[in-house]
Each structure stands twice: as C-alpha cells, then as structure tokens.
Amino acid sequence: MMKITTYSHNFGEHAVPTSLLEPIILMLRQLDFTFKSNCSTNLRKTIIQSLNSLGWSGKTRIHVEKGISITSMNQRVGLCLQTGNMSRFYADLLKLQSLYQKDKATCAIYILPTKSASLKIAKNVANFERLTNELSLFKHVITMPIYVIGLDEEEEQ
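0 is the number of the first residue of the sequence shown in numbering that gives the first Met the number 0; add one for each residue after it.
Think of the hints as simulated: they come from the structure by calculation, not from any bench.
Fair warning: there could be bad hints in the mix.
[To be verified] Below 20 Å or equal to it, Euclidean Cα-Cα: the simulated EDC-like pairs (lysine to aspartate or glutamate) are: (1) Lys2 - Asp102; (2) Lys2 - Asp151; (3) Lys35 - Asp151.
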C-alpha cells in the first residue's frame, strides 16, 4: 500500500477530470511496492503498466518531428511520471507548459516519489517536496493546472 500526498498547482484539482484522477489515485494507493536503492526503473515500469491498463497512452511526443515526449496523455490531460534525477522535472514542466500553450493539453498530473521515498532510491532523485516548492515559485511561468501526486510507503502500524 502506498501513502499518497497531493498538491494542486493553479487549481489542478478542479481541472483534472475526476473520472481520470480517481482511478489513478486508487491504483497508486493499492500499489504494492518497496522503495529501495536503484528501484527507479521497476517503479516506473510498474506504474506505467497500471496506467496503460487504465486507458492512458504510452509516450506522447510534444512535437511531431522531435523526440521530446511526456509519459502519457488521456483526453487532453498530460501525465508525467518522474523517478529519475532532480534536473529532469524542469524539462517535464516545460514540455507540459508547451502542450498547454498549444492547446493540446488542458491540465496535467505529475507523479513522483516524496523526499523520504526518493532518498531510499538514490541521491538527487526528483521529489514531491522540491517540485511543489518550485511550482509555487514559478506560479506565473508554469500556468498549466497541475495535480501533483507524491508517493511513499504506508507507515507500518
């Protein structure tokens, strides 16, 4: 079971359709995964498989002639899953904002580990706390509504 932490950037919680968001939240909460050293690839594969079973696309290019892509799209909602280096989330935000400005996406979901989970994976892995802090700083630059989901293991009781 996963512990979910959320953050709404520019009213992302209202922009992302409930019919798309609720199944993702449920799937992530039910995910049986242990955060440990170098587990990024396995975490990514596990989540992408589940997203595909929920009807989300595979990689989606942001430009027909370029190899730049985001993790997935569904009904004009962009989705980024980041389990890698901290520096990658800036590129993800630019890609999402580009889709938004071109009217190809109306909003987005961004999934990544929390800080405590990221520290179990490796040094300098993108994390929920850092991303949400940066989003609040760049509120007028990244104008796309984004619903951010942080993942961590449920605490033992």
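- request: Quick one: which hint numbers does this structure break? Sort them smallest to largest.
  value: 1
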